[in-house]
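Protein chains in written order, with my numbering: chain S, 8 to 568; chain W, 8 to 568.
Take the hints with a grain of salt, since some may be wrong.
Same chains, same names: a pair is fine if it fits in one copy or spans any two.
Once the Cα atoms are required to be at most 20 angstroms apart in a straight line, the calculated EDC-like pairs of lysine to aspartate or glutamate come out as [said to hold, decoys possible]:
| # | residue 1 | residue 2 |
| --- | --- | --- |
| 1 | K13 | E187 |
| 2 | K13 | D157 |
| 3 | K236 | E312 |
| 4 | K486 | D334 |
| 5 | K428 | E168 |
| 6 | K402 | E350 |
| 7 | K236 | D43 |
| 8 | K428 | E562 |
| 9 | K236 | D44 |
| 10 | K518 | D335 |
| 11 | K13 | D186 |
| 12 | K486 | E64 |
| 13 | K236 | D318 |
| 14 | K565 | D363 |
| 15 | K343 | D44 |
| 16 | K426 | E282 |
| 17 | K565 | D335 |
Just so you know, these hints were derived from the structure itself, not from any lab.
In case you want the letters, here they are:
2 protein chains.
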Amino acid sequence: MMPVSKSLINAARGLAPADCVYRGARIFNPFTCLWDDGDLAVTGGRILGIGNYTGKEERDLSGRFIVPGLIDAHVHIESSLLAPKEYARLVALHGTTTVIADPHEIANVAGGRGLGFMLAEREGALVDIRYMLPSCVPATPLDAGGAILDARDLAPFAGREGVAGLGEMLNFPGVLAGDEEVLRKLSLFAIRDGHAPFLSGNDLNAYILAGPDSDHECTNLAEAEEKLKKGMYIYIREGSAEQNIAELIPLVNPVTVSRCCFATDDCHADLLVREGHIDRCIRKAIGCGLAPELAIRMATLSAAERFGLSDRGALTPGRRADFCVIDDPQMFTVQKVFRSGREISPGPPTVPAPLDSRVQCVPPSTEDIRITGSGTARVIGLVPHQILTEPLQYKITGNDIPDLDRDILKVMVCNRYGKNKRGIGLVHGFGFRQGAIACSISHDAHNIVAAGAGDDAICSAIGAVIDAGGAMAAVCGTKKVILALDCAGLMSTLPYDEVARRLGSLSEVTKTMGGIADPFMYLSFLALTVIPALRITDRGVFNAGVFRDVPLFLEDAKYGI
Amino acid sequence: MMPVSKSLINAARGLAPADCVYRGARIFNPFTCLWDDGDLAVTGGRILGIGNYTGKEERDLSGRFIVPGLIDAHVHIESSLLAPKEYARLVALHGTTTVIADPHEIANVAGGRGLGFMLAEREGALVDIRYMLPSCVPATPLDAGGAILDARDLAPFAGREGVAGLGEMLNFPGVLAGDEEVLRKLSLFAIRDGHAPFLSGNDLNAYILAGPDSDHECTNLAEAEEKLKKGMYIYIREGSAEQNIAELIPLVNPVTVSRCCFATDDCHADLLVREGHIDRCIRKAIGCGLAPELAIRMATLSAAERFGLSDRGALTPGRRADFCVIDDPQMFTVQKVFRSGREISPGPPTVPAPLDSRVQCVPPSTEDIRITGSGTARVIGLVPHQILTEPLQYKITGNDIPDLDRDILKVMVCNRYGKNKRGIGLVHGFGFRQGAIACSISHDAHNIVAAGAGDDAICSAIGAVIDAGGAMAAVCGTKKVILALDCAGLMSTLPYDEVARRLGSLSEVTKTMGGIADPFMYLSFLALTVIPALRITDRGVFNAGVFRDVPLFLEDAKYGI
Numbered sequence: 008m009m010p011v012s013k014s015l016i017n018a019a020r021g022l023a024p025a026d027c028v029y030r031g032a033r034i035f036n037p038f039t040c041l042w043d044d045g046d047l048a049v050t051g052g053r054i055l056g057i058g059n060y061t062g063k064e065e066r067d068l069s070g071r072f073i074v075p076g077l078i079d080a081h082v083h084i085e086s087s088l089l090a091p092k093e094y095a096r097l098v099a100l101h102g103t104t105t106v107i108a109d110p111h112e113i114a115n116v117a118g119g120r121g122l123g124f125m126l127a128e129r130e131g132a133l134v135d136i137r138y139m140l141p142s143c144v145p146a147t148p149l150d151a152g153g154a155i156l157d158a159r160d161l162a163p164f165a166g167r168e169g170v171a172g173l174g175e176m177l178n179f180p181g182v183l184a185g186d187e188e189v190l191r192k193l194s195l196f197a198i199r200d201g202h203a204p205f206l207s208g209n210d211l212n213a214y215i216l217a218g219p220d221s222d223h224e225c226t227n228l229a230e231a232e233e234k235l236k237k238g239m240y241i242y243i244r245e246g247s248a249e250q251n252i253a254e255l256i257p258l259v260n261p262v263t264v265s266r267c268c269f270a271t272d273d274c275h276a277d278l279l280v281r282e283g284h285i286d287r288c289i290r291k292a293i294g295c296g297l298a299p300e301l302a303i304r305m306a307t308l309s310a311a312e313r314f315g316l317s318d319r320g321a322l323t324p325g326r327r328a329d330f331c332v333i334d335d336p337q338m339f340t341v342q343k344v345f346r347s348g349r350e351i352s353p354g355p356p357t358v359p360a361p362l363d364s365r366v367q368c369v370p371p372s373t374e375d376i377r378i379t380g381s382g383t384a385r386v387i388g389l390v391p392h393q394i395l396t397e398p399l400q401y402k403i404t405g406n407d408i409p410d411l412d413r414d415i416l417k418v419m420v421c422n423r424y425g426k427n428k429r430g431i432g433l434v435h436g437f438g439f440r441q442g443a444i445a446c447s448i449s450h451d452a453h454n455i456v457a458a459g460a461g462d463d464a465i466c467s468a469i470g471a472v473i474d475a476g477g478a479m480a481a482v483c484g485t486k487k488v489i490l491a492l493d494c495a496g497l498m499s500t501l502p503y504d505e506v507a508r509r510l511g512s513l514s515e516v517t518k519t520m521g522g523i524a525d526p527f528m529y530l531s532f533l534a535l536t537v538i539p540a541l542r543i544t545d546r547g548v549f550n551a552g553v554f555r556d557v558p559l560f561l562e563d564a565k566y567g568i
Numbered sequence: 008m009m010p011v012s013k014s015l016i017n018a019a020r021g022l023a024p025a026d027c028v029y030r031g032a033r034i035f036n037p038f039t040c041l042w043d044d045g046d047l048a049v050t051g052g053r054i055l056g057i058g059n060y061t062g063k064e065e066r067d068l069s070g071r072f073i074v075p076g077l078i079d080a081h082v083h084i085e086s087s088l089l090a091p092k093e094y095a096r097l098v099a100l101h102g103t104t105t106v107i108a109d110p111h112e113i114a115n116v117a118g119g120r121g122l123g124f125m126l127a128e129r130e131g132a133l134v135d136i137r138y139m140l141p142s143c144v145p146a147t148p149l150d151a152g153g154a155i156l157d158a159r160d161l162a163p164f165a166g167r168e169g170v171a172g173l174g175e176m177l178n179f180p181g182v183l184a185g186d187e188e189v190l191r192k193l194s195l196f197a198i199r200d201g202h203a204p205f206l207s208g209n210d211l212n213a214y215i216l217a218g219p220d221s222d223h224e225c226t227n228l229a230e231a232e233e234k235l236k237k238g239m240y241i242y243i244r245e246g247s248a249e250q251n252i253a254e255l256i257p258l259v260n261p262v263t264v265s266r267c268c269f270a271t272d273d274c275h276a277d278l279l280v281r282e283g284h285i286d287r288c289i290r291k292a293i294g295c296g297l298a299p300e301l302a303i304r305m306a307t308l309s310a311a312e313r314f315g316l317s318d319r320g321a322l323t324p325g326r327r328a329d330f331c332v333i334d335d336p337q338m339f340t341v342q343k344v345f346r347s348g349r350e351i352s353p354g355p356p357t358v359p360a361p362l363d364s365r366v367q368c369v370p371p372s373t374e375d376i377r378i379t380g381s382g383t384a385r386v387i388g389l390v391p392h393q394i395l396t397e398p399l400q401y402k403i404t405g406n407d408i409p410d411l412d413r414d415i416l417k418v419m420v421c422n423r424y425g426k427n428k429r430g431i432g433l434v435h436g437f438g439f440r441q442g443a444i445a446c447s448i449s450h451d452a453h454n455i456v457a458a459g460a461g462d463d464a465i466c467s468a469i470g471a472v473i474d475a476g477g478a479m480a481a482v483c484g485t486k487k488v489i490l491a492l493d494c495a496g497l498m499s500t501l502p503y504d505e506v507a508r509r510l511g512s513l514s515e516v517t518k519t520m521g522g523i524a525d526p527f528m529y530l531s532f533l534a535l536t537v538i539p540a541l542r543i544t545d546r547g548v549f550n551a552g553v554f555r556d557v558p559l560f561l562e563d564a565k566y567g568i
């Protein structure tokens, strides 16, 4: 609750002039999903109300539309490759005034120190960043990265300013098993985000009963309908890789809209620059046939209510004066953005506080990545626009890899926390004809992951990542482009436009390699053991279906695994 | 948050039998406003989920409908004339499992001791009673009753089990004036109920800005639309006297339903016995054309969400197994009620702990209530079905009162807190031809109020109230019926059926007096100084429009008042 003074009350009554009055616009009302007319009066960064007001300053917005500031219900800021303050500087221009962020990535790399860094970065950011504390560090006991955060470590953060609750509970097997440590974490927070792809029926009931009451992993409508029906908030996700709006938008109607929000989850800086943030989600939803008013409701009041943020999400008396001026509801182009009554102008970029990059890794040689032997090999199959993979099998001979005709390439993970462990596997779907890519973003442990059409190129790309103290690197012939991620090996300390430019350069190189668009996004999820089916870790191939390491060749399998 | 155990998770997964499974019913889903099919499984008083379950006990509810337990968003239990536990015993049978109660009346009589009594009564009650702490004790500085509760007195109750927030802020003039003590009270609680009849425009903006974000005083649709639009939850009220459903129900649609609830505010025991509680509101709303699903949503999830009660309002995994079995949605007859998984059976009534009646008053004689003089008198005009009054003026001579032809009767308030103050006024609208009624319920100070067609009868009725230590009394010729309200002069310690029977007897006597139905309800509001227009207090006639005492005869007015 924000304090209320007599002078603020007088201003709301119209007995004293408001700081600023915005006239002539139609103002979105998320309680009715209709548009109100009147003067919007603001004093001290707060809405006085819509009515008849005079202001010390008055601005004419005739013909425009005003909507409350947009809210991202779930995002991993690290995925933008930007530090939080720079991320805020970018998304604020797109109308976003609040993001609910889960610093899951940096926590897996740098634990409590990483959380401290993210909390420090929210100070003075152009957007209000609220953190859901990462619930699964490491993502699984098998996937220890740079840190372990148990309930004892999280407890001191509960109730701290800027902390909103517990982040997505990826460990649904742990929940279903009634794991005590998992239940302890859930008991620390009142607001708990879920993550339960494809979970259904009685097991979904059990997961919800244990506490998580949101989900942003729905990829089909029936799944979303079941989860909403069972009391989950549904965050409809539209990220760089995962794009679910087209499939899920029929879920939203006047009754269900209060339980639906938008989330970007993982979005690279270049996409944010090019297409926008939550404004992009709104445009996409409208393009899929949703009434603009319902889309805006999702992005404002519904998200605010979900997180108990009663001070925002609507432009009613006493709430924060967070709002955007748009051209018209159907086009939804954000023209101006106001936070706490002040028009946002991005100003110069700031350089984040230094954070150890945590890249301790000996560069591999071509010798180190040789595959010997032959037989029926497990091959990780990329699925277009999904982070799921398909479990493929091919008869291969190690020496014949890369097999460009059948698009079977090597993929490698190198432990970056000084353990000198490496795992090698095979991947289908990149389609590279030459070169290699590597990066220090590799969910969730964030070891170094690389894939490519040649052993030399793979080694060179990995070496570049290590030399830069974390990076995305693309190597193709003599061309080598590097985007240093010197902030924990996850985020850049560069301004967003420069990051977007480098991503463009990386993309140009990967285009010359042939193959799919956005290969880094696929690469960075290849080690994510919580998503089916086959994965690669610093121990080698991993079967997420049975949740254990498996040999590359089926012939080496024991007990049928 | 309720704790979750591994065994509960196993039960939800279906790995162990549920305590009880309810089969064959259609189950209301407030998230979709549709009906779900499946087995409803309950263990340990909590919903496991809807799915495929087996139970230690299984009950066939084929052809029936299940809805979540009903919630009253705002009620003064004292108005039922029943102590809280007995009230719960009555409304539980009607499907109510949670009431949000404002013990405003008893607090005005007995202060913190009264609150302690009400909190003690919730223990073991059949319904979960949550209290909103009375914000206006006394209702106005002019209306001191038996206690004063300032912010310092309320603070220790904040966060206490059973306390939900701050009750209706009647003192809207104080809010608009920025009164510091009022703002201090508002700052103590996150959930703050409003009370702002007819407040509109910029002043309504200021009131909402100060904190209260609900209203149950709307009497016309435009008023409710403005308040909802400005961010208030609208509790649509259907009490004994105030009945707003017919007028307000067009407010409710699939978008707004999440912001609308039902409230009974003030309901006598006999009405509750005869017509029901929130089930009555639902039937009335359906009768006014609202879809049953929207009416049920209002009475369940919408109310639960408004009060942050995430453990109820829907029958989804982990929530309390509070639900009702009904015949069909359109008729909405409650057949069985379950709270925390147990079928409610009322059992024997309990006698509340004794509480000082606080009736210290010298009975007046006919001499004490003589009106001398003549001239143009202010006469309080009753308005049918409203607690508002009309400011009437009649030329009278004191000795000619009662004037049965013009229906001008005496009305009197006697201070009951030992101050020996008495005020006399005139009232139009009761229509009594003989006899008198008196009672120790007289909002908000709860002095003794009486009106009648004869001075002897008025004195006799007041004497009966004093003798009983608080009561409702009707005297007509030789007939005298008394319902003792020995619990603070507000509530009876009798079982609800006996209270309803006595109310019937009182009603029989008042019928023989001629005049309007339900005269006690009008009588008990005649001293309520916060509602326009004319009122009577222990100081005499009061003009609520200018908020001050005024002389009975216009000729005695000074400064035009």
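Here is what the structure says about each hint:
1. K13 with E187: Between copies only: 8 angstroms across chains, 50 angstroms inside a chain, cut-off 20 angstroms.
2. K13 with D157: Intra 46 angstroms, inter 19 angstroms, cutoff 20 angstroms: inter-copy only.
3. K236 with E312: both (18 angstroms within a copy, 16 angstroms between copies)
4. K486 with D334: neither (43 angstroms within a copy, 75 angstroms between copies)
5. K428 with E168: Neither: 39 angstroms inside a copy, 54 angstroms across copies.
6. K402 with E350: Classified as neither; 61 angstroms inside a copy, 64 angstroms across copies.
7. K236 with D43: Cα proximity of K236 and D43: across copies only (9 angstroms, versus 32 angstroms in one copy).
8. K428 with E562: neither (23 angstroms within a copy, 101 angstroms between copies)
9. K236 with D44: Result: close only across copies, 12 angstroms inter versus 35 angstroms intra.
10. K518 with D335: Classified as neither: same-chain Cα gap 37 angstroms, cross-chain 64 angstroms, threshold 20 angstroms.
11. K13 with D186: Between copies, since 8 angstroms is at most 20 angstroms while 52 angstroms is not.
12. K486 with E64: neither (55 angstroms within a copy, 72 angstroms between copies)
13. K236 with D318: For K236 and D318, the Cα distance is within 20 angstroms only across copies (16 angstroms; inside one copy 27 angstroms).
14. K565 with D363: Result: close neither inside a copy nor across copies, 41 angstroms intra and 81 angstroms inter.
15. K343 with D44: Within one copy, since 19 angstroms is at most 20 angstroms while 48 angstroms is not.
16. K426 with E282: Classified as neither; 40 angstroms inside a copy, 74 angstroms across copies.
17. K565 with D335: neither (63 angstroms within a copy, 59 angstroms between copies)
Hint compliance for this structure: hints 4, 5, 6, 8, 10, 12, 14, 16 and 17 are broken, all remaining hints hold.
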